[in-house]
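Protein sequences, first through last, are from chains W and X. Residues in the first sequence are numbered consecutively from 36, following my numbering. Residues in the second sequence are numbered consecutively from 175, following my numbering.
Heads up, some of the hints might be wrong.
Below, a sample of chain W positions facing chain X; criterion: calculated Cβ distance under 8 Å [what the hints assert, rightly or not]:
1. Cys65
2. Glu174
3. Ala212
Think of the hints as simulated: they come from the structure by calculation, not from any bench. Ideal Cβ placement from N, Cα and C applies to all residues, glycine included.
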Amino acid sequence: MNWFKRVAQNILTRSKKEIPEGLWNKCPSCNEIIPVKEIEENKYVCPRDGYHFRIGADQYFKLLFDGKHEFLFEEIQPVDVLGFKDKKPYRRRLEEARQKSKASEAVVIARGRIDRIPVVIGCMDFSFIGGSMGTVVGERLKRAMLLCAEEKIPLVVVTKSGGARMQESAFSLMQMAKTAAALSELRKAGVPYIVVLTDPTTGGVTASYAMLGDVHVAEPGALIGFAGPRVIKEAIGKDLPEGFQRSEFLLEHGFVDVIVDRRQLKETLSRLIRILTHKVKKANGNGKETLKAS
Amino acid sequence: MQVFDWEKPVVELEEKLKELYEQFEEGKMADRQAIEAMEAQLAQLKKSLYSNLTPWQRVQMARHPDRPYSLDYIEHIFDDFIELHGDRRFADDKAMVGGPAVLDGKSVMVIGQQKGRTTKERQYRNFGMPNPEGYRKALRLMELAERHGLPVITFIDTPGAAPGIGAEERGQGEAIAYNLLRMSELRVPIVSVVIGEGASGGALGIGVADRFLMMENTWFSVISPESCSSILWRSWDYKEKAAEELKLVPEALLKYGIIDEIIPEPLGGAHRDPDAAYAAVKAALQANLKKLRSQPIDKLTARRKEKYFQMGRYEEKRVVE
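Hey, can you work out the whole structure from these sequences and the hints?
Encoded structure:
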């Protein structure tokens with residue numbers, strides 16, 4: 036087994052970071068100018084007001100995995116079956132996304148360890164056509180789910196998506212049913228499935244695997260919903276309440292289990308997975324941290 | 175009856191023909207020759223018009239206000255239907271109807287999205303846009319069917335799941351997502367029929383099925399052509415183009431393996447001859463249920479999942495180091 040060797044190397048990647056490159060960066064929330072290095076060291080959370088910057092799959096992998104990880108299903112690549120053309124042909128949108136995004140598609144799957152526990156993480160990436168779900172997203176996730184069911188490996192999916200990818204039309208829609216059916220298998224296998232909801236998670240992604248976790252963890256302040264706020268505003272002709280469709284709103288209404296600061300995300304996932312898979316150490320009696328890896 | 179602009183030649187000819195009939199009745203015409211010629215002309219015109227509809231025209235047909243709705247099909251196809259209300263959680267959603275019924279002397283569960291015809295009815299049915307409680311009601315009925323071994327039939331006819339503050343508060347996404355998961359593993363046969371509009375997750379929320387059928391003049395897509403136009407072209411003016419690009423007509427979807435069967439409609443659409451439409455849908459349901467009932471349930475659910483696992487098109491590129 037070569038779990039920790041990167042066997043698949045994405046031949047299509049180009050370098051571009053979600054956070055603009057440079058030495059300084061402005062926090063969109065508090066407008067402070069902050070050194071990029073300081074933001075990175077703070078796990079892409081604004082050290083001034085706790086704003087969570089939107090980051091890509093590679094950054095989440097760095098934050099969550101112990102170190103080495105093996106990319107899976109990179110060979111699954113999109114095709115323009117329908118010959119879809121809006122203002123631009125879909126084919127060209129795909130080429131541009133490949134140039135622009137570090138990710139090989141809107142979801143990237145990798146296998147590695149969190150605090151020594153073997154896990155598979157599927158992480159969506161907004162820089163690839165808005166994190167939209169087409170066939171590749173559904174297919175890679177389905178394969179990850181079936182692999183985890185087969186090998187009894189806990190699965191974490193970090194969601195970040197504008198919804199289904201229109202350019203693949205009904206094929207995109209059917210990925211909702213595909214992933215839901217694969218999650219039925221994962222549930223049957225008794226394997227933990229944890230969703231990390233990040234900003235933004237909407238549309239067909241929300242109406243499928245994002246809302247089917249054993250546990251729903253959300254980053255603070257993330258937009259999470261089925262219909263987008265603009266659509267709802269147009270439909271009802273009224274302004275939307277403050278904080279509508281944010282993580283805190285969903286927790287209040289019972290659809291998010293816990294809101295976790297990105298700086299504590301790895302520790303929380305580790306703890307959840309350990310408890311759900313019975314990999315716990317004896318309590319030390321003080322009710323505090325008892326779950327450190329031995 | 176609402177007539178589309180592009181249907182006007184048919185309607186004009188129909189009116190002329192009606193005049194000829196009247197003249198003949200009144201004895202103003204000696205023989206039927208002129209009538210027969212015009213009848214032939216009309217038949218030809220209808221055939222060429224209705225069998226060459228553009229995708230956008232199909233969308234219009236699917237939305238025709240006189241098309242039969244779920245409760246019409248239920249009334250004319252099934253016996254002993256008893257509508258059951260409510261999701262046992264929050265409320266009774268009027269945009270989703272359902273209950274047990276009898277088809278060919280056998281028990282079934284029938285569920286459908288329901289639109290209204292008059293302004294008042296439309297509001298009452300929320301334009302066929304279910305809220306989370308609608309999806310949860312549908313699931314409750316499916317699980318009831320599962321416990322008692324009743325095959326499930328769903329009629330899809332929605333412009334989409336309801337957008338709204340309440341819908342989001344009560345978890346529209348979660349409600350649809352959970353239906354997809356449970357339908358994929360439900361231990362009874364499921365047949366879905368798109369009878370009008372099949373918009374996105376709102377349609378799929380009752381549409382994970384062993385057999386997925388579409389009537390001829392309906393559409394099924396990830397998004398409505400209007401919304402697609404607004405998002406991708408940033409204008410409402412490209413709905414016809416969007417309808418084409420989305421490949422939302424049944425023939426395209428059959429070709430791509432997304433749907434299993436097309437139910438032909440009477441010429442000019444289901445609303446021009448509802449009885450013929452009921453008969454066609456009934457025959458399709460009978461044939462499909464007969465096949466599904468004979469399969470062992472484990473095999474059936476495994477096949478259903480496999481069908482969805484296979485959906486989509488992608489390339490498998492060999493990645494080299």
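Comparing the hints with the structure gives:
Taken as an interface hint, W/Cys65 does not check out: its beta carbon lies about 27 Å from the nearest beta carbon of chain X, beyond 8 Å. Nearest Cβ of chain X to the Cβ of W/Glu174: about 6 Å, under the 8 Å cut. The hint holds. The closest approach between the C-beta of W/Ala212 and any C-beta of chain X is roughly 5 Å, which is under the 8 Å cut-off, so the hint is satisfied.
In this structure, the one hint that does not hold is number 1.
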